[in-house]
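Top line first, the protein sequences correspond to chains S and Z.
Position one of the first sequence corresponds to residue 1 (the working numbering), numbered consecutively onward.
Position one of the second sequence corresponds to residue 194 (the working numbering), numbered consecutively onward.
Rather than coming from a laboratory, the hints here were simulated on the basis of the structure.
Source: prediction; values computed, not measured.
Here a beta-carbon is modelled for each residue, glycine too, at the ideal position from N, C-alpha and C.
Hints may be right or wrong, so weigh each one.
[What the hints assert, rightly or not] Per the computed footprint, the stretches of chain Z lying under chain S, defined by three or more beta-carbons under 8 Å from a beta-carbon of chain S, are:
1. 239-252
2. 271-277
[Said to hold, decoys possible] Partial list, computed: chain Z residues near chain S (C-beta under 8 Å):
3. E200
4. D203
5. V206
6. T224
7. K225
8. D323
9. L331
10. F348
11. R351
This is what each chain is made of:
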Amino acid sequence: MPHISYQNREIAFKLVYYGPGMSGKTTNLIQIHKSLPKDLRGEMLNLDTEEERTLFFDFFPLELGNVEGYAVRFNMYTVPGQVYYEASRRLILQGADGVVFVADSQPQRFDENLESFHSMSENLRDFGIDFERYPLALQYNKRDCVDPIPIGSLEKELGLNGVPVVEAVANQGTGVMETIRNLSRDVVQRFQL
Amino acid sequence: MAETGYESDDPRVILETLVDRSGAITTLLITKEGTTVAEAGQTDYLNTTAMAALVAGMFSATREVARMVGERQFSILLQQGESRHIHISLIGDSEMMVVVFEDYQRIGRVRHEARRAGEGLAKAQADRNDNQQVAQDLSVPEFKEYALNLIDRIFADR
Ligand SMILES: Nc1nc2c(ncn2[C@@H]2O[C@H](COP(=O)(O)OP(=O)(O)O)[C@@H](O)[C@H]2O)c(=O)[nH]1
Ligand SMILES: [Mg+2]
Numbered sequence: 001m002p003h004i005s006y007q008n009r010e011i012a013f014k015l016v017y018y019g020p021g022m023s024g025k026t027t028n029l030i031q032i033h034k035s036l037p038k039d040l041r042g043e044m045l046n047l048d049t050e051e052e053r054t055l056f057f058d059f060f061p062l063e064l065g066n067v068e069g070y071a072v073r074f075n076m077y078t079v080p081g082q083v084y085y086e087a088s089r090r091l092i093l094q095g096a097d098g099v100v101f102v103a104d105s106q107p108q109r110f111d112e113n114l115e116s117f118h119s120m121s122e123n124l125r126d127f128g129i130d131f132e133r134y135p136l137a138l139q140y141n142k143r144d145c146v147d148p149i150p151i152g153s154l155e156k157e158l159g160l161n162g163v164p165v166v167e168a169v170a171n172q173g174t175g176v177m178e179t180i181r182n183l184s185r186d187v188v189q190r191f192q193l
Numbered sequence: 194m195a196e197t198g199y200e201s202d203d204p205r206v207i208l209e210t211l212v213d214r215s216g217a218i219t220t221l222l223i224t225k226e227g228t229t230v231a232e233a234g235q236t237d238y239l240n241t242t243a244m245a246a247l248v249a250g251m252f253s254a255t256r257e258v259a260r261m262v263g264e265r266q267f268s269i270l271l272q273q274g275e276s277r278h279i280h281i282s283l284i285g286d287s288e289m290m291v292v293v294f295e296d297y298q299r300i301g302r303v304r305h306e307a308r309r310a311g312e313g314l315a316k317a318q319a320d321r322n323d324n325q326q327v328a329q330d331l332s333v334p335e336f337k338e339y340a341l342n343l344i345d346r347i348f349a350d351r
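Input sequences plus hints: build the corresponding full structure.
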């Protein structure tokens, strides 16, 4: 459920980038932030840096625009990848209206992708979310690496059907917009009052 | 219940009363997902959107800490600085009230007013049914159509 305020005439969705450490979640967010017109984007908080290990996430608010007198906002978050941040990943995921799973296409990272995906789906289930009907977009990032894992291999292993998949090289901007477009369309399409 | 002066269904009015009575600099009401519901007092020095996201994260982390010591949650967080301090309290199950104040001598007053404002806010929250009210003036199919258009435009490949 997005956060809906009648008083402020505002509908705010929460979108979260999830995935193993170093798969390119922050890079996705930075690329989106960079490509948006200045009046639509709030300042980006990057808290997942070397110096700020104690903090938990990257975040920026995106003003989608006015729809029928309501300001529509997407609050965009990434989770930290490190294993010891499991608690904060859970917390960021809470209340999310949709998730982009950023997978790392490097073959040696295959199992980390699976592991991270399982922790995500377990957390969502704990929140009472029917995972089969939840907005999810899958991104195979780092397609520029040597011998990338085949598209379809993660879905097969995870038993996923009908999830929109995008190939990306996030640090070059490739596939980044298509991914967020897929997810946000899905989120809006499932919106109800 | 005796009148406390915090009877209002508008959270902003309650926050403004709180600023007046406690001498706080800023008050914010935020959701546990990290969005701002209402604000009062000075806000120009503060990125309230970022503040809301961070406080929500902080509160969540504290809840995990509470669980570790066998508490469901800590209902109040107090952060004491050199010249500015923050009092955060849980409102109902889903919102938090942040009070920024300067004079630490006034902590007693801040606590007292925050508690009463919190009661007013919790009641306002319980009485509010945003979805129903919004449903009255928003057509969902049209909303979706507009929103999808915006998405395609804003997230176009560049
Ligand atoms: N070669 C390559 N590097 C990438 C790609 N996407 C991100 N990176 C790099 O991978 C590293 C980790 O990215 P980051 O976004 O911080 O990962 P996060 O831990 O998921 O947030 C950074 O050095 C990025 O520049 C990609 O598609 N290809
Ligand atoms: Mg990151």
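Hints, one by one, checked against the model:
Beta-carbon proximity to chain S at under 8 Å applies to 6 residues in the region 239-252 of chain Z; the threshold of 3 is reached and the given coverage holds. Residue count for the region 271-277 of chain Z with a Cβ under 8 Å from a Cβ of chain S: 0. That is fewer than the three needed, and the coverage hint is violated. With its C-beta approaching chain S no nearer than about 16 Å, E200 (chain Z) sits outside the 8 Å limit, and its interface hint is violated. Given hint, D203 (chain Z) at the interface with chain S, holds; its Cβ is 7 Å from that chain's nearest Cβ, closer than 8 Å.
Taking 8 Å as the C-beta contact cut-off toward chain S, the hint placing V206 (chain Z) at the interface is violated, the least distance being around 10 Å. The closest approach between the C-beta of T224 (chain Z) and any C-beta of chain S is roughly 5 Å, which is under the 8 Å cut-off, so the hint is satisfied. About 7 Å separates the beta-carbon of K225 (chain Z) from the nearest beta-carbon of chain S, less than 8 Å, and the hint is met. Given hint, D323 (chain Z) at the interface with chain S, holds; its Cβ is 5 Å from that chain's nearest Cβ, closer than 8 Å.
With its C-beta approaching chain S no nearer than about 6 Å, L331 (chain Z) sits inside the 8 Å limit, and its interface hint holds. At its closest, the beta carbon of F348 (chain Z) sits 4 Å from a beta carbon of chain S; the interface hint therefore holds under the 8 Å criterion. Interface restraint check for R351 (chain Z): the shortest CB-CB distance to chain S comes to about 5 Å, inside 8 Å, so the restraint holds.
Violated hints for the displayed structure, listed by number in ascending order: 2, 3 and 5.
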